[in-house]
Amino acid sequence: MIVAKRKPFDEIMQLVKGHKKVLVVGCGTCVAVCLAGGEKEVAVLATELDMGRKLANNPVELGSITLERQCDREYLAQLDGMVKDYDALISMACGVGIQFLAERFPDKPVFPAVDTCGLAVNQDVGWYEERCRSCGRCVLGLTGGICPVTMCAKGLYNGPCGGTNKGSCEINADQPCAWFNIYERLKAQGRLDCLLKVQPPQEWKDTTPRTLIQPGYTKPEKAKT
Amino acid sequence: MKSGSNLEKVLTAGHFAFTGELGPPRGAHAEEVRKKAVFLKGRVDSVNITDNQTAMVRMASWAASLILIQEGLEPNYQMVCRDRNRLAMQADILGACALGIRNMLCLSGDHCQFGDHPTAKGVFDIDSMQLISTVKKMRDEGKFLSGADLDGKPQIFIGAASNPFADPFEWRVHRLAKKISAGVDFVQTQCIYNMAKFREFIRQANDMGLTEKAYILAGVTPMKSLGMAKYMKGKVPGMDVPDEIISRLQGVARDKQAEEGIKIALEQIAEFKEMKGVHGVHLMAIEWEHRVPEIAERAGMLPRPKV
Amino acid sequence: MRLNYPSNVKIILVPCTGKVDVIHMLTAIQKGADGVYCVGCLEGACHYNQGNLRCRERVNHVRSLLQEVGLEPERVRMYNLSSGEGPTFAAYAKEMTENIQKLGPNPLKKKAGVA
Ligand code: SF4
Ligand code: SF4
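Residue numbers (the numbering used here), protein chains in the order written: chain A, 1 to 225; chain B, 226 to 532; chain C, 533 to 647.
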């Protein structure tokens, strides 16, 4: 899933300080699961803002709502009737959701309340670890299911580098060396031949905004709003 | 000749090569480079010029390389993948060659976290392996990485680093093989302290025929003190300092430790000279350039061959 | 056993402190409470294993939120005791009350619009 981290309160306060009526919009999907921007976090932020602004003698009128998803037009439509009552929106969705919200209400300032941090697994409640940078050309088939782009601090395709340190990465002893692990896993699977060939330079796919249209679907003439 | 560099000539003539290292200053003083160069001139075949070593900003390695050329020394221009993308790299390779640089060492580069700009975005558009093949493609095929033709092939003697001590040990020699198949002409190793492990590494490389395909220069860094030895053992990733080294330095008085460190280095060099598959020594006397003349002399490396 | 504890303490019963959420404590302060404290079972003796430990973490979280907002984190606290420790309960209530008295009333009460 997509994981995100709540922004520091001061930063959010700064972003909205000139606005008197603010709607806090949460998202019920990824950011809710990772405890950054779901219904509960919306309530906490709204309460914090209410208190903070009162203490600053600059009270704010707040509304809050959590949509099923902010990256889907269908759910954003729920807001159509209510946005006019506010002069700014705070979104607690991932960067994708925030943008889609801003796109739908182009005349309203939209502020992010979270920092989107990546695509991560759920290790335990409240503990997430990044695993994929959505590079667009997956090499996991050659690397024993361990992503060198994400898990190697240098994103090497022909690792390990000279800094690999008894199974740890050179950056710190708590960070496993991705290439050490790739080696060990492929060795256990008898597939070390995967590593013998020099991997050519990556043809980066993330240098321009990407669009995905699945087979069997077409782009409508003009997206419905 | 691939490049016509002095280093290439020394090695192809069958001499035992001896290379040095110089870190550019953290400022714009060309004098700093010249001062250090004095100690190295005539004592080594080529001098590695580090590229933002340990991720600290320093004078550009190509610029310090040029100062070295002005001083009549031959640089070995280091380039790391951390700080530039494939366009900048290829542009720098062409420029370096145009201005007379003939050796290059292709490296991944230490992670930005080690340096003075820990939050910089590491580029790593291509890795050291891919950089090696890029230089080779430019030099041998006259083509850019993209496949487009270039006019004026850069004559570069291509080098790479190898760490025989990092885990997994059994993979190290295969990684060397990979670099050789990517196109390196010479390899300089990480500082060697664990001789037993290095002998084993070279034996494997000999068995695989790798030492016939590329020149191997054994890395030597004399220990200046017991403190340095302990630091290298405990704190430097990928470094293998066996206990014998520590106890040898412990066994002598504090003011004799530097001399003991040099003695260890000299013993190592003597062994490398006889070791099948080792074609030279790369002396990394970090901030100890002024001791290089003495070490070169005592190691029997002088005078350097004129080729 | 009849015990005296300060009458300004309003008790809200929950099945386990693990049930107390960040928003409950925060809302209490928002609505003008001078302080909030949770009294859970002794650590390691939670009937639901982790409830009181979770609560302690949430209390700590609320304290950091209050600090961010500009209120004293000491207004929120966690206490632990085993069931049947009535006197300890009373002692904690007293301690908390004194502690809050030192801090003075919740500054939000002076601001307009606090319920
Ligand atoms: S290679 Fe890594 S970053 Fe690319 S798609 Fe696969 S897991 Fe994601
Ligand atoms: S030590 Fe391993 S994980 Fe870290 S940068 Fe080098 S190869 Fe990548």
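Among these hints, one or two may not hold up.
[Stated by the list, open to error] Covered by chain A, according to a simulated footprint, are these stretches of chain C (three or more residues, beta-carbon under 8 Å):
#1 542–550
#2 555–563
#3 630–643
[As the list claims (entries may be wrong)] Computed from the model, here is a short list of chain A residues facing chain C with C-beta under 10 Å:
#4 Met13
#5 Leu49
#6 Lys54
#7 Leu55
#8 Glu203
#9 Asp206
#10 Pro209
#11 Leu212
These are calculated hints, taken from the structure and not from any lab test. Note that the Cβ used here is the ideal one computed from N, Cα and C, for glycine as well.
Exercise for review: Closer than 8 Å, Cβ to Cβ, for at least three residues: run that test on the region 630–643 of chain C against chain A and report holds or violated.
Suggested key: holds (count 3)
Practice item. Go through the hint on A/Glu203 and say holds or violated, using the shortest Cβ distance to chain C against 10 Å. Key: violated, 44 Å
Check your understanding: Do the numbers back the hint for A/Leu55, that is, is its least Cβ distance to chain C under 10 Å?
Key -> Result: holds, 5 Å to nearest chain C Cβ.
Practice item. Let me know if the C-beta of A/Met13 comes in closer than 10 Å to any C-beta of chain C, holds or violated. Key: holds, 9 Å
Review point. Does A/Asp206 pass the interface check with chain C, least Cβ-Cβ distance below 10 Å?
Key: With a closest approach of 34 Å, the A/Asp206 hint is violated.
Exercise for review: Could you check if A/Leu49 really has its C-beta closer than 10 Å to a C-beta on chain C?
Suggested key: Because about 9 Å separates A/Leu49 from the closest Cβ in chain C, which is inside the 10 Å limit, the hint holds.
Review point. With 10 Å as the cut and Cβ atoms as the points, is A/Pro209 at the interface with chain C?
Key: violated, 35 Å
Exercise for review: Given that the region 542–550 of chain C was listed as covered by chain A, double-check it with a C-beta distance under 8 Å for 3 or more residues.
Suggested key: violated (count 0)
Point to revise | 8 Å C-beta criterion, at least three residues: is the region 555–563 of chain C covered by chain A | key: Since 5 is at least three, the answer is holds.
Point to revise | When the least beta-carbon distance from A/Lys54 to chain C is tested against 10 Å, hint result | key: It holds, given that the least Cβ distance between A/Lys54 and chain C is near 4 Å, below 10 Å.
Point to revise | Restraint check, 10 Å cut-off on beta carbons, for A/Leu212 near chain C | key: Violated, about 37 Å.
Violated hints for the displayed structure, listed by number in ascending order: 1, 8, 9, 10, 11.
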